[in-house]
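Novice: Quick note, the sequences are listed as chains A, B, C and D, same order. With this note's numbering, letter number 316 in the first sequence gets 316, and the count goes up by one each step, no holes. With this note's numbering, letter number 170 in the second sequence gets 170, and the count goes up by one each step, no holes. With this note's numbering, letter number 217 in the third sequence gets 217, and the count goes up by one each step, no holes. With this note's numbering, letter number 316 in the fourth sequence gets 316, and the count goes up by one each step, no holes.
Quick caveat, the hints were computed from the structure, so don't treat them as lab data. Note that the structure is a prediction, hence the values are computed from the model and not measured. Treat the hints loosely; a few may be bogus.
You can't tell identical chains apart in this list, so a pair holds if it fits in one copy or across any two.
Taking lysine-lysine pairs in the DSBU-like style, the calculated list, with each CA pair at most 35 Å apart, reads [what the hints assert, rightly or not]:
1. Lys-315 x Lys-129
2. Lys-164 x Lys-39
3. Lys-223 x Lys-164
4. Lys-259 x Lys-18
5. Lys-39 x Lys-305
6. Lys-45 x Lys-305
Take a look at the letters that make up each chain.
Protein chains: 4
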Amino acid sequence: MIRFNNDYNRGAFDCILKALADTNTTSYPGYGEDEWCDKAEQIIKGLIGRDDSMIKFIPGATQANYVVVAAALSPVQSVIAADTGHINCHEAASIENTGHKILALPNTDGKISAAQIEACAAEYYDNAKPEYLTEPKMVYISFPTEQGTLYTKRELCDISAVCKKYGMYLFVDGARMGYGLGSDKNDLTLCDFAMLSDVFYIGGTKCGALFGEALVINAEDIKYRFKAYMKQNGAVLAKGWLMGLQFATMLENGDYFEKTKRADELAMQIKEAFEQKKVPFWVESFTNQQFVILSDEQKKTLAEKYYFEEMEREKEGTVVRFCTSWATKQEEVDALVLDISKLV
Amino acid sequence: MIRFNNDYNRGAFDCILKALADTNTTSYPGYGEDEWCDKAEQIIKGLIGRDDSMIKFIPGATQANYVVVAAALSPVQSVIAADTGHINCHEAASIENTGHKILALPNTDGKISAAQIEACAAEYYDNAKPEYLTEPKMVYISFPTEQGTLYTKRELCDISAVCKKYGMYLFVDGARMGYGLGSDKNDLTLCDFAMLSDVFYIGGTKCGALFGEALVINAEDIKYRFKAYMKQNGAVLAKGWLMGLQFATMLENGDYFEKTKRADELAMQIKEAFEQKKVPFWVESFTNQQFVILSDEQKKTLAEKYYFEEMEREKEGTVVRFCTSWATKQEEVDALVLDISKLV
Amino acid sequence: MIRFNNDYNRGAFDCILKALADTNTTSYPGYGEDEWCDKAEQIIKGLIGRDDSMIKFIPGATQANYVVVAAALSPVQSVIAADTGHINCHEAASIENTGHKILALPNTDGKISAAQIEACAAEYYDNAKPEYLTEPKMVYISFPTEQGTLYTKRELCDISAVCKKYGMYLFVDGARMGYGLGSDKNDLTLCDFAMLSDVFYIGGTKCGALFGEALVINAEDIKYRFKAYMKQNGAVLAKGWLMGLQFATMLENGDYFEKTKRADELAMQIKEAFEQKKVPFWVESFTNQQFVILSDEQKKTLAEKYYFEEMEREKEGTVVRFCTSWATKQEEVDALVLDISKLV
Amino acid sequence: MIRFNNDYNRGAFDCILKALADTNTTSYPGYGEDEWCDKAEQIIKGLIGRDDSMIKFIPGATQANYVVVAAALSPVQSVIAADTGHINCHEAASIENTGHKILALPNTDGKISAAQIEACAAEYYDNAKPEYLTEPKMVYISFPTEQGTLYTKRELCDISAVCKKYGMYLFVDGARMGYGLGSDKNDLTLCDFAMLSDVFYIGGTKCGALFGEALVINAEDIKYRFKAYMKQNGAVLAKGWLMGLQFATMLENGDYFEKTKRADELAMQIKEAFEQKKVPFWVESFTNQQFVILSDEQKKTLAEKYYFEEMEREKEGTVVRFCTSWATKQEEVDALVLDISKLV
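Please construct the entire structure, taking both the sequences and the accompanying hints into account.
Specialist: Here it is, written out as structure tokens:
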């Protein structure tokens, strides 16, 4: 069986395993106050083109999401997100558990628009800020989205402008940042995210690290006592250098960017195979996640050799996701492409 | 400089690094639903002598502590703990952040007694359970304590009996479990903890793993939907097998027990050195943490070659902690012992 | 100016004022442990036909709503409600502030259907109860709804059956219960609510009391330590007898039912006047709240003599609410009806 | 039976009942946006000598306490209080339920000192503000305390100075403010509280109103969106004018000050009677609460004719509280004094 079910089913880049082995007997200060975290911080600041951002490493993406929300919002403030946003439907209501309402907007291919956000914010801000409503104070988007799609630079600029207009924070969930940056259709850079968002992260877990997300906090307000919020929510790893070391290593040698880009290319081969076969797409994606609608028989055939994720049942068939990753091999894709071509 | 400042300043057992390398290209199911977690679960069930316990792996100890509290207690219930308990003074009020009051009892060398716990519980339970008081529903103790001391089997039985009397859960924080079990003075086993507590954990982070705590949940009530609480609090690692693999490896080959026991022995050498020199102890500990009170000059001298932790300032000098770990070498201790012997 | 803006703009039934005066110098036990609360409890148990329900008095409806949710749900459980539900859009995210997600369903005239609820619950319950989703554990509906509409007995039975099927609590917000019961179109009784719901309340604030809601808790699980939840959330009034006295008085002498019924009748006169004038309705209501869409000129004309509430702007005009209450007088309605008839 | 068990066992000042009757048919805007609240606000601003304070009316004291804390503190901030503070032991952990730790200091006769507060704050502020500690950001004291004692102006100035030094808010719980101001031993005025605290309240419930506490918010930071916090916590009364009317009436005609002062005088008669009889005091109080230690026989004798509150059991007997109120009559006190004089 070959796993195309997700992008976090194998260990880590070789360079990371090697770095772990090389440093295993060295002793370090705890809680992220070590030289590896410093080094990773410097590398990231170079990549984003900002020296004033705060860089923090957090073990997992769900943690990263709700710790940012907890640190940024007061109990009477809420966060705007797509209804398909990861925080709205995949994280067991962790945002609400911290006491904040998600104002969910209907998505289009996983995205929300500046116009939608503006309309939602205006209901509160342009309408006497009534005390019976929460204050929309943050906009959460994912890049790439949960459906593999990408915001363009134009779209991100527009969303950023609406956020500035109303004094809302813009938070970009970059759990799959590598695959987003690596896409042929992408026109955004890490520097853009650093200039246009108040906080975003460079995801490690899904992009080649064992675990870890690198948070980039640009807004002054969110920096204050941020590590206390991390600590309170169990997001300060005792052996924090393990994350610094991973990010320093994979960002410095370029694996983070190249191997995720390669995953996108492999995904495009799968995409083309389905297109050739006229298998309908659920959404058109140019990143490592491909969503198609399979007939029962097609699904059964492919399930004999491949793991993939079933999303939901529709009239025409089952929506399934095929996912490549930094670890996917050309021969695995070749096999899949061949089997797709034989589908009835 | 040699680090005696804590027991989490180096990587992991060699066997763990090797296992990571061996499995790096294998693909696994996510979120702890893999064969390594299964294997670790079976090993732990063997070690604790209970097949009905639920075993869950959580990246960090602060997370483990508050997720258990969140899952076990309702908003009107509280947890009894020593005032020196880790949850009361080292975790940024994470328990209160989940909405629960800690009823802190004065410690004796880091411990609380069954009699103290009974008196605290009785105020509520034997007194009409007034609605203006929270219901003490859990007792939290650490083994070893934050001061390196150990509960005896007699003491644990007594505490467990009080908990049963009032229907309270007994929760044992075993972040340093290895060092507790390995102490010459210890008379408790993992089986005892499995029989006498409702939930406890076998700490990995401080006992030779890269990260991870193995939760053992014995009480039926706490098992229900426990993984949802983990998910909600960001404690479900995407690549969950990384924890299963570590626990399976270090528990199976015995490193977990032998190397922490060895750390205790090394700590006893340091203890003896301080005793010889008549340096006063802040508390007498038979585990890997040694607390002594150093004069300013003694502190200055030792600080030239060693990292150790300053706890608090007292009249007679500074309370400091010297900590050995699974990674401490005999020659490091030899050097320290020699330097202690030269102190003025 | 005559106020038709809401149903809580005047004091209380005369009988309540008199009872307050009569008892002003009598001393009572505090916190609702008095003879008036006992008496009101007995009266309510008679009216609902259940002796095993728990009756509690809470100063306000927002409090009643979130205290019930806090007491009934664990952190990983959520509540299903109409998107127009009071808890979803008029209470400053108090439900999320207690840590619970609202699963908002699109309303039809303020109502949600058993089929909608079943589909929402099935996503979780019929689908392996995944840990990344919250458990829908309560259904919240309002009677009458925020748009003045009524669930029929058939509809309530169907919703109750879905709740039973999935083990979810049914919670009926009865802030305007009197106006619902009093409507010509209503076929539900207090006994029905007591049999079909797990918890509901008989609203006082909007139905003739100075303040206070009478909670009826039928589900055993929610009764446990309920008063502690009230206390923790500031919902135990020190002079609790003030609420017992009001409910005992207005329920016993029938004012609660008769004067709200009368308000419905007056609302029907207003409804007819608008119908005659062919002013479009936003929603058809048979209770004390009437929603019509006024042209700018009509709105301006009526606003000269009457207070009414502006809801939202639509293409055809402004949605406004005219609200009668237990205190509305025939001559006030006569004046309005006349002025409506003169509208252009 | 005569009730000396507390100060909230009877209705309200006659002037309040009269005002309710006089206004019962008048219609008002809801949610505290009415002319009575405006009037009460103006009266209070006159009494406190500050025009820039925000005045808000909240139904109950527990609500007032935790809403202030919720509005003022972030999740990583905590509140310093006496271990006997009302928020620490009489409010079902409502502060922790909002997510905040109480740093409880040992009381002396219900009070804490500036020196104690400074030492507690210094542990955090003078010690590198470690992320594993919460930030003490508020000091909560009660005036009078739960034991009837009073802070002097000197003491309040000192506490205020420590708060300013560390940037902490000073919050004074004035649930019994009237009895504090009215005491012969008091040297503080409402103007002092307005100058020295960041937020305090003038208690209504225990001082002659049916219910209601008048919050005075002096700190700019706490004012922001404060009403949203009230709404979210169910503390915005629909018929808000009921509180404005009560405060306006009792503050304007002086009942609030005179009748609570009279209660203090009556308490002094009881105090003297116990002194004469050499009944030991638990704490010496010069306000309306008197705490004495009764032998079993004395307790039994007095319990035949009087309600009083049993606090706790001590070796020498039972600590009990006798409480006068604005409604206590001279003849009730005369009877008690006579019966005390006859005790054996």
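Novice: Decide, hint by hint, whether the structure agrees.
Specialist: Results of checking the hints against the structure:
In the homo-oligomer, the alpha carbons of Lys-315 and Lys-129 lie at most 35 Å apart only across protomers (23 Å), although the nearest pairing inside one protomer, at 43 Å, exceeds that limit. For the homomeric pair Lys-164 and Lys-39, the shortest alpha-carbon distance inside one copy (32 Å) is at most 35 Å, but the shortest distance between copies (39 Å) is not. Taking the shortest alpha-carbon separations for Lys-223 and Lys-164, both the intra-copy value of 18 Å and the inter-copy value of 24 Å come in at or below 35 Å. In this assembly of identical chains, Lys-259 and Lys-18 lie within 35 Å of each other by CA distance both inside one copy and across copies; the values are 17 Å within and 24 Å between.
Only between protomers do Lys-39 and Lys-305 lie at most 35 Å apart by alpha-carbon distance; the minimum there is 25 Å, versus 43 Å within a single protomer. For the identical chains of this complex, Lys-45 and Lys-305 are inter-copy neighbours only, at 34 Å across copies versus 43 Å inside a copy, given an alpha-carbon limit of 35 Å.
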